[in-house]
Amino acid sequence: MATQRVLQWRAFARTWWLYDAANQCPFVSAYRVVPYLQGKHKPIFHPLSDVGDHVVVINTKDIAMQADYWRTFTFFHHTGYPGGFSKASAWRVHEIDPTRVMQLSVYSRIKGNLLRKGLMRRLHLFPDDKIPDEILENVSDQIRQVQPVAKRLDQYSEEEVTEFPKFFDWPEDFVKDGYKRHMTRKKPKRRYTV
Amino acid sequence: MVFLTRILNIRARGPDPFWKRQFAKRLTWNFYGRRRNCHKLSLNYLRRALRYSTEYRSKLKTINMDNLFETRIAAGCAEHGVEYSPFIDTLRENNIVLDRKVLADLAIYEPRTFQSLCEVVKRSHAEIFNNNLNPSRRIFTKGML
Numbered sequence: 549m550a551t552q553r554v555l556q557w558r559a560f561a562r563t564w565w566l567y568d569a570a571n572q573c574p575f576v577s578a579y580r581v582v583p584y585l586q587g588k589h590k591p592i593f594h595p596l597s598d599v600g601d602h603v604v605v606i607n608t609k610d611i612a613m614q615a616d617y618w619r620t621f622t623f624f625h626h627t628g629y630p631g632g633f634s635k636a637s638a639w640r641v642h643e644i645d646p647t648r649v650m651q652l653s654v655y656s657r658i659k660g661n662l663l664r665k666g667l668m669r670r671l672h673l674f675p676d677d678k679i680p681d682e683i684l685e686n687v688s689d690q691i692r693q694v695q696p697v698a699k700r701l702d703q704y705s706e707e708e709v710t711e712f713p714k715f716f717d718w719p720e721d722f723v724k725d726g727y728k729r730h731m732t733r734k735k736p737k738r739r740y741t742v
Numbered sequence: 052m053v054f055l056t057r058i059l060n061i062r063a064r065g066p067d068p069f070w071k072r073q074f075a076k077r078l079t080w081n082f083y084g085r086r087r088n089c090h091k092l093s094l095n096y097l098r099r100a101l102r103y104s105t106e107y108r109s110k111l112k113t114i115n116m117d118n119l120f121e122t123r124i125a126a127g128c129a130e131h132g133v134e135y136s137p138f139i140d141t142l143r144e145n146n147i148v149l150d151r152k153v154l155a156d157l158a159i160y161e162p163r164t165f166q167s168l169c170e171v172v173k174r175s176h177a178e179i180f181n182n183n184l185n186p187s188r189r190i191f192t193k194g195m196l
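Residue numbers (my numbering), protein chains in the order written: chain A, 549 to 742; chain B, 52 to 196.
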């Protein structure tokens, strides 16, 4: 029957999802994104049938890490040859490639089997919101963000800042920020490959 | 009765024992270490492996199918904004006796039926929420008991 055939096409068609990673934790975002790649958000899911969707992740350069993870969280790599070990902290990896942290967190979230490379190929990462038209025209829906985006102080208007209720004013001779943090950026010993 | 020949006393030895070992090897080729190649060592492990495979043939199938049903029902629930475990619990509380297999089938082939089930769950939750809004229902004092 023609209608049944069309129904099957519609059921198994790959849909494209948009995920805005601005101010989102990459590790928690990976938990949200991976089921869409695997097709676990569909009732027709079966591990042997290939029903996963495409996910387009934008604004990966604006991802947010909790605590001081930018400094302390380390990514490791080994080429397999002697002396092939290299590591880099998250800020360094993010500096080299703004999509890399998101990619690695999604990659490590997926179970290590033969499907992983195929699933990763359906993940499209973009550092900002500029997407090629041939990708944007496929996108039909968006994935809910994992955490609310907080407003920065400079995004409030001056009226809102001045009218915000406060208990007291600081005296004029009070030194609010006397301690200056020393930022020393050491160059990594070995260059982080891949 | 006298046997004039000793032909009947000869033992029938059968085929070469090599083939018997080959038969065992077909089942132990994927074992670890010497138990893969040494026939005498592999016999005990082979017995155990066969026992496990018989024992878990039914169990693993049910475990895998249960996991699959749960994934499918959770996917169906997520389309209507309900979570899996509250969904299952609330259906049971409302005496809607459908097992996971049937629920998974409904999620695939009868999405409208599944949607109405989700609606039942949502209304049940809303009812509980409204009942608990009144603090007199939650607070018990000495005089009430």
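Please keep in mind that the hints were generated in silico from the structure rather than gathered at the bench.
Small disclaimer: the values here were computed from a predicted structure and weren't measured.
Accuracy of the hints is not assured; some may be wrong.
Now the stretches of chain B that chain A is said to cover, found in silico as 3 or more residues with beta-carbon under 8 angstroms [unchecked claim]:
1. 114-123
2. 152-164
Selected chain B positions facing chain A (Cβ under 8 angstroms, derived; list incomplete) [claimed, not checked]:
3. 126
4. 127
5. 129
Beta carbons: idealized from backbone N, C-alpha and C, even for Gly.
Hint check:
Here the stretch 114-123 of chain B counts 3 residues with a CB under 8 angstroms from a CB of chain A, which clears the bar of 3, and the coverage holds. Only residues whose C-beta sits within less than 8 angstroms of a C-beta in chain A count toward coverage, and the stretch 152-164 of chain B has 4 of them, enough to reach three; the restraint holds. Because the closest C-beta pair between residue 126 of chain B and chain A is about 5 angstroms apart, less than 8 angstroms, the hint holds. Look at residue 127 of chain B: its Cβ gets to within about 4 angstroms of chain A, closer than 8 angstroms, so that hint holds up.
Here the hint on residue 129 of chain B is kept, as its CB sits about 6 angstroms from the closest CB of chain A, short of 8 angstroms.
Consistency with the previously given hints is maintained throughout, with no hint failing.
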